[in-house]
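Colleague: For the protein sequence lines, the chains are E and H, in the order given. For what it's worth, the numbering used here labels the leading residue of the first sequence as 144, then goes sequentially. For what it's worth, the numbering used here labels the leading residue of the second sequence as 144, then goes sequentially.
Think of the hints as simulated: they come from the structure by calculation, not from any bench. Be aware that a few hints might be false.
Stated by the list, open to error - In silico lysine-lysine, PhoX-like type, Cα no more than 20 Å apart, as pairs:
1) Lys388/H <-> Lys336/H
2) Lys263/H <-> Lys336/E
3) Lys263/E <-> Lys263/H
4) Lys300/E <-> Lys317/H
5) Lys283/E <-> Lys336/E
6) Lys300/E <-> Lys336/H
7) Lys263/E <-> Lys336/H
Said to hold, decoys possible - A few chain E residues facing chain H, derived, Cβ under 7 Å:
8) His236
9) Pro299
10) Lys300
11) Leu303
12) Ala306
13) Arg322
14) Gln338
No experiment lies behind these values; they were computed from the predicted model shown. Ideal Cβ positions, reconstructed from N, Cα and C, are used throughout, including at glycine.
What follows is each chain in one-letter form.
There are 2 protein chains.
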Amino acid sequence: MDIYNFGKELIVEAGKFIETRMTHEFQVDSKSNPNDLVTDVDKETEQLLYTRILERFPDHRIIGEEGHGEDINDTKGVIWIVDPIDGTLNFVHQGENFAISIGVFIDGEPYCGLIYDCMKRDLYHAKYRNGAFVNEQALKPAENIPLNQSLIAINPKRILSDATRSPFFEIMAKSRSVRSYGSAALEFAMLAKGQISALMFLKLYPWDYTGGVIITGELGYKTTDIYGDELPLLSSASVISGNPKIHGEIIEHFKDDKTLHEFHDAFHDL
Amino acid sequence: MDIYNFGKELIVEAGKFIETRMTHEFQVDSKSNPNDLVTDVDKETEQLLYTRILERFPDHRIIGEEGHGEDINDTKGVIWIVDPIDGTLNFVHQGENFAISIGVFIDGEPYCGLIYDCMKRDLYHAKYRNGAFVNEQALKPAENIPLNQSLIAINPKRILSDATRSPFFEIMAKSRSVRSYGSAALEFAMLAKGQISALMFLKLYPWDYTGGVIITGELGYKTTDIYGDELPLLSSASVISGNPKIHGEIIEHFKDDKTLHEFHDAFHDL
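Turn these sequences into a full structure, and let the hints guide you.
Modeller: Next comes the structure, spelled out in structure tokens:
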């Protein structure tokens with residue numbers, strides 16, 4: 144079995160683990176602190192992914208939200224970038240609307256992307272230059288819907304700063320409507336399904352976006368930081384993703400905004 | 144059959160109609176304009192509800208988003224307040240995440256509330272002082288989770304005005320995180336399930352909120368306008384809903400905000 148098919152089986156196994164663990168815990172002890180629970184499940188799921196990957200591919204390396212791979216400083220060989228639970232607060236408060244996200248890279252080049260919405264049992268997956276799918280169904284290519292006809296996703300709390308309001312407010316005002324779902328991975332999945340046309344984040348980490356970038360990239364969606372530059376694999380970044388038309392419209396708003404640039408660069412230690 | 148059980152059967156029938164109509168249309172003619180489609184389905188669904196209710200209860204009156212009941216100026220007798228598709232843009236862009244919403248009042252007093260997420264086939268329903276349910280399952284009473292531990296739902300585009308930013312920004316900053324789903328009815332349903340702790344809207348109409356207010360009211364959630372006053376049945380209103388604790392915390396932010404009050408009153412022709 145190749146890495147792609149192994150990854151698909153693994154992410155579904157991890158999803159079953161989360162579903163069982165969560166259902167079990169919530170049923171057995173309703174007084175347990177949900178914050179502790181998520182910490183436990185998050186770490187255990189990352190450990191499960193870590194163990195299975197290294198059992199099978201001892202020379203692969205893994206970067207995870209829960210602490211694995213902090214010492215990785217180059218992109219040589221095969222690197223798995225994993226987020227065991229993207230949408231932690233949804234996991235705690237809603238018991239759904241979270242996902243496992245995985246991006247695999249070989250020598251820094253995208254190899255495959257996986258997002259698993261384990262409560263809905265929807266697996267979004269793409270092998271680089273082989274199309275993108277939800278379960279067995281091929282996803283449709285990006286359409287060039289402009290901003291004024293689009294639903295866009297943001298994180299409202301992140302744009303409260305004086306330095307960031309102005310361009311984001313202009314973009315929001317021009318859009319048809321604004322959504323916020325609390326999981327970047329699932330917002331990439333909604334982009335892949337054409338349910339939203341763009342998403343904008345001031346700060347995400349590679350485990351939040353690599354799976355989604357590979358999947359949506361297969362469909363012609365474009366993802367960059369606010370400057371229009373490619374996203375890094377080993378550090379945080381702002382993330383602007385959408386069809387090429389809306390992506391260009393949005394990036395235009397950030398172009399000459401020095402206040403935003405300064406805020407952004409400090410925020411990412413650039 | 145009483146009004147409540149009739150209403151439950153009717154809203155499911157209307158949901159099946161929408162689902163069939165939408166699936167059929169999208170399959171038959173993918174080039175049809177989704178905006179025209181939603182207008183058609185919206186109107187046809189309201190007509191279906193209107194016809195069925197009056198066939199059965201000729202003396203009832205109906206207020207609907209699509210134009211019925213504009214001449215109603217009093218709340219005597221039985222009034223059905225219906226929104227055939229709450230979350231129109233989600234219907235158009237996402238093909239899901241919308242709902243039918245119904246509130247029934249007798250002489251101005253709440254009688255029953257119904258929200259049907261027809262794509263998920265989840266029926267939220269409550270008869271006044273008889274508890275609230277999703278399908279056959281009783282929903283849990285509101286817990287007094289404070290703002291700083293809560294997910295809250297807003298419409299981000301609506302708080303772009305200078306007059307409204309300040310209190311909403313303070314509330315958002317204090318919250319644990321902010322969500323926006325694009326359907327007030329479904330946000331009331333999420334409140335009823337405890338998935339969010341509050342929702343805030345600057346302007347809704349009775350067909351957007353009456354079903355949700357009755358359902359969540361059964362569980363101990365409190366809903367008022369920004370002044371803390373009860374919501375009207377025959378005109379638009381601001382809508383602040385949440386458990387009693389968070390509702391009090393939010394209302395406190397609006398209390399002495401004259402700029403907001405002036406904006407609000409002009410917005411609602413008060």
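Colleague: Within a Cα-Cα threshold of 20 Å, do Lys263/E and Lys336/H meet the stated pairing?
Modeller: Roughly 17 Å separates the two Cα atoms, so the pair holds.
Colleague: For the pair supplied as a hint, Lys283/E and Lys336/E, is the alpha-carbon distance within the 20 Å limit?
Modeller: holds (7 Å)
Colleague: Any CB of chain H closer than 7 Å to the CB of Gln338/E?
Modeller: Status holds, d = 4 Å.
Colleague: Classify the hint on Lys300/E as holds or violated, based on whether any CB of chain H lies nearer than 7 Å to its CB.
Modeller: With Cβ-Cβ at 5 Å, under 7 Å, it holds.
Colleague: Under the criterion that the straight-line Cα-Cα distance not exceed 20 Å, is the pair Lys263/H, Lys336/E satisfied?
Modeller: This hinted pair holds, its Cα atoms lying about 17 Å apart.
Colleague: Return the status of the interface hint for Leu303/E: holds when the least beta-carbon distance to chain H is below 7 Å, violated otherwise.
Modeller: Status holds, d = 5 Å.
Colleague: Taking the least C-beta to C-beta distance, is Ala306/E closer than 7 Å to chain H?
Modeller: violated (14 Å)
Colleague: For the restraint on Pro299/E, tell me whether the closest CB of chain H is nearer than 7 Å.
Modeller: Holds, about 4 Å.
Colleague: Hint check: Lys388/H vs Lys336/H, CA-CA at most 20 Å. Holds or violated?
Modeller: At roughly 17 Å apart (the allowed maximum being 20 Å), Lys336/H and Lys388/H satisfy the hint.
Colleague: Restraint: Arg322/E near chain H, CB-CB cut 7 Å. Satisfied or not?
Modeller: Result: holds, 5 Å to nearest chain H Cβ.
Colleague: Given the hinted pair Lys300/E and Lys317/H, is their Cα-Cα distance within 20 Å?
Modeller: holds (10 Å)
Colleague: Under 7 Å is the threshold here; is the Cβ of His236/E close enough to any Cβ of chain H for the hint to stand?
Modeller: holds (5 Å)
When the structure is compared with the earlier hints, violations turn up for hints 6, 12 and for no others.
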